[in-house]
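*Asks:* Respectively, the protein sequence lines represent chains A and B. Count along the first sequence starting at 1, add 805, and that's the number in my numbering. Count along the second sequence starting at 1, add 1292, and that's the number in my numbering.
Honestly, the hints are just simulated from the structure, not real lab data. Errors might be hidden in some of the hints.
Now the in silico label distances, taken between C-beta atoms and shown as ranges [what the hints assert, rightly or not]:
#1 862/A with 1569/B: 28 to 36 Å
#2 1466/B with 862/A: 16 to 24 Å
#3 833/A with 1444/B: 27 to 35 Å
Cβ coordinates follow ideal geometry from the N, Cα and C atoms, glycine included.
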Amino acid sequence: MNEAKDRIKAFLNRFFRKAELQDHDDIFALGYVNSLFAMQLVMFLEKEFGVRVDNKDLDMKNFSSINAICEFIERKAS
Amino acid sequence: MMTTVELTKRQLQWKDEFKAFTDEVVAPSAAESDKTERIAPSLIEKLKEKGYLGSMLPKEYGGMGLDWVTVGMLNEELGRGCSSIRSLLTVHGMAALAILRWGSDEQRHQWLPGLADGSLVGAFALTEREVGSDAKSVQTTAVLTEDGYVLNGRKKWITMGQIADVYLLFAQCEGKPTAFLVPSDSPGFSRTPITGMMGVRGSMLAELRLEDCVIPQQNLLGLVGIGLSHVALNCLDYGRYTVACGCVGLGQACLEQSLQYASQRKQFGAPLGDNQLIQKMLTEMAVNVKAARLLCCHAGHLREMMDPDSIMETWTAKYFASGMVNKAASDAVQIHGANGCSSDYPVERYMRDAKINEIIEGTTQMHEMLIARNMLSAT
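Given the sequences, and given the hints that come with them, work out the whole structure.
*Replies:* Here's what the structure looks like:
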């Protein structure tokens, strides 16, 4: 899981360069999120982890922090 | 970082097939489509026979199962022959891909085989009289009732709006932009042709009217509220890619016509091409077409790899290609002189068609804002 976390962090750091992103930080509250980012995040997760993000997955809680994304990927993989 | 994309043997075979189809079927009909402001049904039949209306869909649903670079080549070649035909593939594909990406299993099986074989034509209905770039402000409404969703509002400038069987249509539902599939035979639905456009005149634009238009509840696509953020942006990404590739094709057509004219037309006892100022225009045209093609190929390669950077690279390709083709078409008319201002020569149509590309799928100015903001936010 740590490896997955590192990959997610590396991707998010491309968008959050002004902030040192912690695992539990609410990335929506930081104010850098727009619809382009949302689309790129979905593409990244689908490509990197071989999962499909379905309609029912589009709950902001699934993508609100590095920890939340890791848990989401873990759930999808199982 | 720019990747080098070398076409495979199969991709080169596809390219030859697309080129032959364009030369034999598409290009000879383009002037007529422009004049009559419609694509002849017989021409659409030929597109269906080749399977091109399913070019963007996987084989699982009856599509061609092409990779994205090859889809780009198809749109380039069709764009070289006729921008209106290319526009059909763009909007049809936008509807089809939205269903593929965000539709339920039932929706995919209901709609995709028909869209893939062309027995159904799809279109994208976002724009309204008062709403263009500011898409989140669409005024059309959708209310869930016992009978299904009831839609009210109007859509304008809808490409293929005159002939589409199903529209991917965006409306405010519970105050949030939401996507719906609206069949053209829905009660309360009507459409009025829009004629007299400057360019891409065969794209059969229509204004759609929804007056207590009722569609089944299961025609909601995705979830309430993700219409713009996920459904439309995904569609527009494909739209921008195909428009950019179409611009490369149109630029290539400008170049080919200009080379031919500059070789044959004589002034002062010598071909126009002997004039260094003409040579400058030809060189700029050739180099810019190649540059745009490489940007499109790069974006297509990234799309194929599902790389998140493909989205911004597609914006870049569309921005450059649509600007490029306007300069190319303008220079092509300039090289042709008075002949270039006459419908006896195709460059007159190319120049009118070229302009449309700077407006559709995001204006040039929206591209300039978004590309710059994206760089600034990462700095």
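*Asks:* Work down the list of hints and note, for each, if the structure agrees.
*Replies:* Hint check:
1. 862/A with 1569/B: 28 to 36 Å: violated (59 Å)
2. 1466/B with 862/A: 16 to 24 Å: holds (20 Å)
3. 833/A with 1444/B: 27 to 35 Å: With Cβ atoms ~33 Å apart, the hint holds.
Comparing the model with each numbered hint stated earlier shows that hint 1 is the single one that does not hold.
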